[in-house]
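Quick note: the sequence shown uses my numbering, first residue 1, plus one each step.
For the record, the hints were derived by calculation from the structure and aren't laboratory data. Here the structure is a predicted model, which means the values were calculated and not measured. All C-beta atoms in this analysis are idealised placements derived from N, C-alpha and C, irrespective of residue type, glycine included. It cannot be assumed that every hint is accurate.
[Stated by the list, open to error] Within a straight-line C-alpha distance of at most 27 Å, the following computed DSS-like cross-link-like pairs (lysine-lysine) qualify:
(1) Lys138 - Lys28
(2) Lys130 - Lys28
(3) Lys28 - Lys39
[Stated by the list, open to error] Have a look at the derived ranges for each label pair, beta carbon to beta carbon:
(4) Val126 - Glu9: 27 to 37 Å
(5) Glu61 - Ala155: 19 to 29 Å
(6) Thr2 - Leu156: 47 to 57 Å
(7) Leu148 - Glu118: 24 to 34 Å
(8) Arg99 - Ala155: 25 to 35 Å
(9) Leu156 - Ser73: 18 to 28 Å
(10) Leu10 - Trp124: 13 to 23 Å
(11) Pro62 - Ala155: 19 to 29 Å
(12) Leu148 - Glu61: 11 to 21 Å
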Amino acid sequence: MTLHIRPGELQDVPLIAELIRGLARYEKLEQEVVMTEEKLTATLFGERRYAETLIAEEGGEPVGFALFFHNFSTFLAQPGIYLEDLFVVPEQRGRGVGRALLERLAQVAVDRGCGRLEWAVLDWNVDAIKFYERLGAKPNSEWTVYRLTGRPLRALAGQ
């Protein structure tokens with residue numbers, strides 16, 4: 001396998017959008033995707049870059065991606081990296097692409113002085129959970145994730 005992992009670039013926006021849609025189909029969450037290429041361009045490559053991507057290619061063809069951003073641990077007083085999405089196209093799963101993307105992301109975290117690499121996984125995704133645990137990752141079951149979106153978010157903001 002001649003896997004190559006590289007940072008995503010502006011010209012990759014259509015590809016990143018396609019991979020995000022593939023992830024949404026896999027997770028059965030297509031109805032939640034309101035992402036557009038214009039939004040991705042602005043948020044990944046605009047004046048303020050909110051997230052970054054890594055693209056995995058096999059023989060020049062895209063086979064997966066990781067999308068991540070920095071967070072911060074007050075207890076460590078160090079930055080961390082939050083992996084928002086990790087996706088490998090179905091026909092390439094089981095060939096080391098996901099592991100290679102995580103290895104590269106771990107290298108980025110260490111190179112940037114991060115104290116943590118974190119992510120969430122859907123509780124029904126048993127294959128992913130087993131994969132992550134084989135890498136040495138541990139579930140953080142003491143915490144429950146909360147989210148505000150849409151109308152509740154705007155209401156809390158006073159709008």
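Against the structure, the hints come out as follows:
1. Lys138 - Lys28: Measuring from Cα to Cα gives roughly 25 Å; hence the hint holds.
2. Lys130 - Lys28: Distance of about 20 Å is within 27 Å: holds.
3. Lys28 - Lys39: holds, 22 Å
4. Val126 - Glu9: 27 to 37 Å: Since Val126 and Glu9 have Cβ atoms about 34 Å apart, the given range 27 to 37 Å holds.
5. Glu61 - Ala155: 19 to 29 Å: violated, 45 Å
6. Thr2 - Leu156: 47 to 57 Å: holds, 49 Å
7. Leu148 - Glu118: 24 to 34 Å: violated, 20 Å
8. Arg99 - Ala155: 25 to 35 Å: This hint is violated: roughly 42 Å between Cβ atoms.
9. Leu156 - Ser73: 18 to 28 Å: holds, 24 Å
10. Leu10 - Trp124: 13 to 23 Å: The hinted range 13 to 23 Å is violated for Leu10 and Trp124, with Cβ atoms some 35 Å apart.
11. Pro62 - Ala155: 19 to 29 Å: violated, 40 Å
12. Leu148 - Glu61: 11 to 21 Å: violated, 39 Å
The earlier numbered hints that this structure contradicts are 5, 7, 8, 10, 11, 12.
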